[in-house]
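Join the two chains, each given in its own frame, into one complex according to the hints.
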Amino acid sequence: MYKETDILKESSVEGNLIINIGPQHPSTHGVLHLVVTLNGETIKKVEPHLGYIHRSIEKMCESLSYRQFIYVTSKMDYLSSHINNHGCAMCVEKGLQIEVPPRAQVIRVLMDELTRLSSHQLWWGAMAMDIGALTPFFHAFREREMITSIFEETCGTRLTMNYMVPGGVMADVNTNFQKSVKDFIIHFKNKINEYDELLTGNIIFQNRTKGVGFISKENAISFGCSGPTARGSGVSCDIRKLYPYEVYNQLDFDEILEPGGDCFARYLVRMKEMKQSISIIEQLIDNIPDGDFQAKTKAVLKLPKGEFYSSVESARGEFGVYIVSEGGTTPYRIKFRSPGFSNLSALDFMSREGKIGDLIAIMGSLDLVIPDIDR
Amino acid sequence: MQALTNRLKLVNRKPMTFVEKLYLWNILKGMAITFRHIFKRKATINYPEQKRTFSPVFRGLQVLNRDEEGKERCTACGLCAVACPAEAITMEAAERSSNETHLYREEKFAARFEINMLRCIFCGLCEEACPKNAIYLSQTFAPSNYSRKGFIYKKDDLLIPHPKENPDAYAKALGERKKITN
Ligand code: SF4
Ligand code: SF4
Numbered sequence: 322m323y324k325e326t327d328i329l330k331e332s333s334v335e336g337n338l339i340i341n342i343g344p345q346h347p348s349t350h351g352v353l354h355l356v357v358t359l360n361g362e363t364i365k366k367v368e369p370h371l372g373y374i375h376r377s378i379e380k381m382c383e384s385l386s387y388r389q390f391i392y393v394t395s396k397m398d399y400l401s402s403h404i405n406n407h408g409c410a411m412c413v414e415k416g417l418q419i420e421v422p423p424r425a426q427v428i429r430v431l432m433d434e435l436t437r438l439s440s441h442q443l444w445w446g447a448m449a450m451d452i453g454a455l456t457p458f459f460h461a462f463r464e465r466e467m468i469t470s471i472f473e474e475t476c477g478t479r480l481t482m483n484y485m486v487p488g489g490v491m492a493d494v495n496t497n498f499q500k501s502v503k504d505f506i507i508h509f510k511n512k513i514n515e516y517d518e519l520l521t522g523n524i525i526f527q528n529r530t531k532g533v534g535f536i537s538k539e540n541a542i543s544f545g546c547s548g549p550t551a552r553g554s555g556v557s558c559d560i561r562k563l564y565p566y567e568v569y570n571q572l573d574f575d576e577i578l579e580p581g582g583d584c585f586a587r588y589l590v591r592m593k594e595m596k597q598s599i600s601i602i603e604q605l606i607d608n609i610p611d612g613d614f615q616a617k618t619k620a621v622l623k624l625p626k627g628e629f630y631s632s633v634e635s636a637r638g639e640f641g642v643y644i645v646s647e648g649g650t651t652p653y654r655i656k657f658r659s660p661g662f663s664n665l666s667a668l669d670f671m672s673r674e675g676k677i678g679d680l681i682a683i684m685g686s687l688d689l690v691i692p693d694i695d696r
Numbered sequence: 136m137q138a139l140t141n142r143l144k145l146v147n148r149k150p151m152t153f154v155e156k157l158y159l160w161n162i163l164k165g166m167a168i169t170f171r172h173i174f175k176r177k178a179t180i181n182y183p184e185q186k187r188t189f190s191p192v193f194r195g196l197q198v199l200n201r202d203e204e205g206k207e208r209c210t211a212c213g214l215c216a217v218a219c220p221a222e223a224i225t226m227e228a229a230e231r232s233s234n235e236t237h238l239y240r241e242e243k244f245a246a247r248f249e250i251n252m253l254r255c256i257f258c259g260l261c262e263e264a265c266p267k268n269a270i271y272l273s274q275t276f277a278p279s280n281y282s283r284k285g286f287i288y289k290k291d292d293l294l295i296p297h298p299k300e301n302p303d304a305y306a307k308a309l310g311e312r313k314k315i316t317n
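Chains A and B, in that order, are what the protein sequence lines are.
The opening residue of the first sequence carries number 322 in our numbering; numbering runs sequentially from there.
The opening residue of the second sequence carries number 136 in our numbering; numbering runs sequentially from there.
The shape of chain B in the complex, shown without the other chains (with noise of 0.2 Å):
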């Protein structure tokens, strides 16, 4: 290899004009093309005001889900802790006492249950990962928050809202992504 010296490549311009050294009509050309721009169609919107609508498949926050007569999917199994790749959730399983079966459809319930969104790199193998359909991305996006401590979202903050309580609410978490399925 040669040394690390000068080793510029010499080009052979032609000298330019004195109307070329002006570079005005270069500009000129430019500017022409920019200019018609301004009479085309906006390609941005106003957003937050607007928003634009996402695909069904988008993967936005995680959502705990329920099943119709509200009571929570999730048995608190794992496996969707055991697939994260960015170790973001964490879980602690109770089990279900008999008052509690309007609650919960099976045994063993989420006691506790956090996703630190900070981590979660919002792939969606907790989804994929989930044997109840308890956990599923939505097309909420963009948390924000005062605090580190704020982004790791409990239980109350995944859960979807009851759907025979508070059934708009629902209806609005839930989205277009995931019809429930039982």
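One chain only, chain A, in its complex shape (with noise of 0.2 Å):
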């Protein structure tokens, strides 16, 4: 726990420094609040502060319907919604135990992929501009433009999706859906090689990366990492191998693994995990069965008493939903475990002794999403 005397006794160092970056620091991507604790250029000491963006949607989730509750995660992970509002599904579903029809399913998945894709196309965008290279933002949002279009075509927005409800989906896919995602993969295609290009292969850019952040596998797993943080540390974690989850245990895909444990392993582990979910896109897109785009459900859903949990692997790792149910038609609690928060706690870690300017590159590499962290 953060004490104003914990400061004052750190300043009192000779030669220490305190600063503050955040909660307005455009590097943070967010309001995140990291209280610094410098020697010269080295940091001794990086204290996040939450609570900037708290909207207590866990405490919110209680009044609101198994229906309802959903609509609100959205607001969470914003860059991955249709994973979150899946993860959320899935657990009323596991309560309800309805069975989901095959074409929902592999509409999710497919949703879910081209949410991990524009997630990590944002993701990489923004971490080379927290480097400095300004120029891939614009690459990155250009060719994410076209999935925020895909989305809108078929869910009727573009980043708050809500797209998912217990059961399936909330609409059958668009006439075109097919046809523009088949053009999206073709054209990005291209522009990844492109994305190596530019930022892989830069030695501006491997020099600034390469051995910083280090973080161990035993430590990944110690802090509770989870998604390309872990994998960057070479930590098997996936949650769409270990506990295959709606159509994925049929798919032809690998789970990437970089031993690296530093930024530049993290940044390749994504890049990969792009190149994956085309294919996982290619496999299923000619593939989506006939049938119904929604199980049949009551209108009033009520749980029975019970716990149950459900994860699914979102763009930054495990994102899980706990449910307590005391058979009504609104949750007792609920519990999100949201993958930001635990890679967050690592970043003290990997970033002692380094230099201030590491700092945000490691920041990048964590790929966070403020209102996931806060919740």
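The reader is advised that the hints may include incorrect statements.
What the hints assert, rightly or not - Coverage of chain A stretches by chain B, computed from C-beta distances (three or more under 8 Å per stretch; other residues unrestricted): (1) 380 to 394; (2) 474 to 487; (3) 510 to 519; (4) 523 to 532.
To be verified - The calculated lysine to aspartate or glutamate pairs, modelled on EDC-like cross-linking and capped at a C-alpha distance of 16 Å, are: (5) B:289 with B:249; (6) B:186 with A:466; (7) B:164 with A:515; (8) A:619 with B:184; (9) A:656 with A:379; (10) B:267 with B:203; (11) B:206 with B:230; (12) B:290 with B:249; (13) B:267 with B:242; (14) B:164 with A:379; (15) A:503 with A:607; (16) B:206 with B:241; (17) A:500 with A:473; (18) B:177 with A:466; (19) A:617 with A:518; (20) A:593 with A:575; (21) A:512 with A:466; (22) A:500 with A:474; (23) A:500 with A:603; (24) B:164 with A:518; (25) B:175 with A:515.
Since the hints were derived computationally from the structure, they do not count as laboratory data.
If you're wondering where the values come from, they're calculated on a predicted model, not measured in any experiment.
Every residue gets a Cβ at the ideal spot worked out from N, C-alpha and C, and that includes glycine.
Encoded structure:
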């Protein structure tokens, strides 16, 4: 816990300087407040202070019905709102033991992977921007725009989709969906090579990221890291592989592991994951089965008494939903396990004894979304 | 767990040559890619002069619908307010008198109907819940106002223009999203 006296103690050490980064700092991607203890240029300690965008979503969900609460969760990790909705819908389905029709399952996976792509694209641009290369940001947004247009076509909005509902998806896909996804894939396959050319091979970028923010496999596990952050340290933690949901066990894709443990390894994981997502989408896009897009559900959902947990692999790691039900129409308690929160906890460890400039690179490589951390 | 100390991994880098140290080649390579894009098609449009078309399912501001004769469809049943996760909708019901039959479709109507656009998350649940097809999400978006109070949209703001008296405005407000169904 942060106490004022801690700061006084730290600052009383000879040569220590305490600076605040954020909550209004462009490189923190939102309202993250970091209290950094510096000695010269060397980081002695990083303390993240949260709460600037706390909306008490968990508490709010307790007063919402099982249909309604899913819609609020889009606002947590807004860059992968489909996946948030997916996790919540899955948890409710688990409680009600609803079988999701195959068509809905495939649509869900397609949407998840498109979300992952768009999220990683934005991360790619943002990380490059953190390090000082502004142009990639515009490149990334240009391609991301195509995905948001695909989402808009089918789901009706561009950011907070609210498309997954208990039992399936809200509406059938647009008739144009397959064509626009295929167009996008063809377009993006060229672009991802350009991404590599522009940034991955660049020696300036490599010098800024290689060996920076190292975290070993054991430490990544003990900090509870997940997603590309952990896989960049060689921890196998892909929920899609370990606890397959929907149609993931029928698909042919690799879990990307990089043993490096530094920013560059995390970067490579995400770049390769984009290619895997493309391959998943290619496998599924021509094979959307016919049938219902939504299972028949009751108008009022009542979960039986008990506790339910389900997790999905979001673009940032394991996103878990834990519902305690008393048998009513609203959850008794709900808890979200957000990947960003655990990943952020490793930030202090990663950046100690590093230079202040590296802190920004490390933060970029963690791919933090603050509303997801604060909830 | 090991103590939190310096554990930066030392990377074995081969020393850079002088040419590499200049970083010139890499800068030029990046610049070449960037400059190539100058001659490509522009990715942006000049909003607000140009506007992109929205998909038919786009979820924008709500509209209270009328039927072909211009009667209001809403019966103030309150189902949309119950369904709303953001608790953005409030209403007051009133009973129709005999000389108001040309105004309202059913016996009961909404005397007051408010949506707080600052609370609304544009989820579309109200549209799904409405049994009378009275409310739907249009393609209008990005409202602006001078005060928070102005964002509480009253019935006048929400109601679609009269199809007989003002057909152009009616068609515009209707958009492509919903064709009228009875
Ligand atoms: S808009 Fe529809 S759901 Fe809402 S009160 Fe009117 S009739 Fe009922
Ligand atoms: S769109 Fe959703 S949040 Fe907005 S008024 Fe309708 S139900 Fe409420």
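Please name the hints from earlier in the document that this structure breaks, with their numbers sorted from lowest to highest.
-> Checked against the structure, the hints that fail are numbers 8, 14, 19, while the rest are satisfied.
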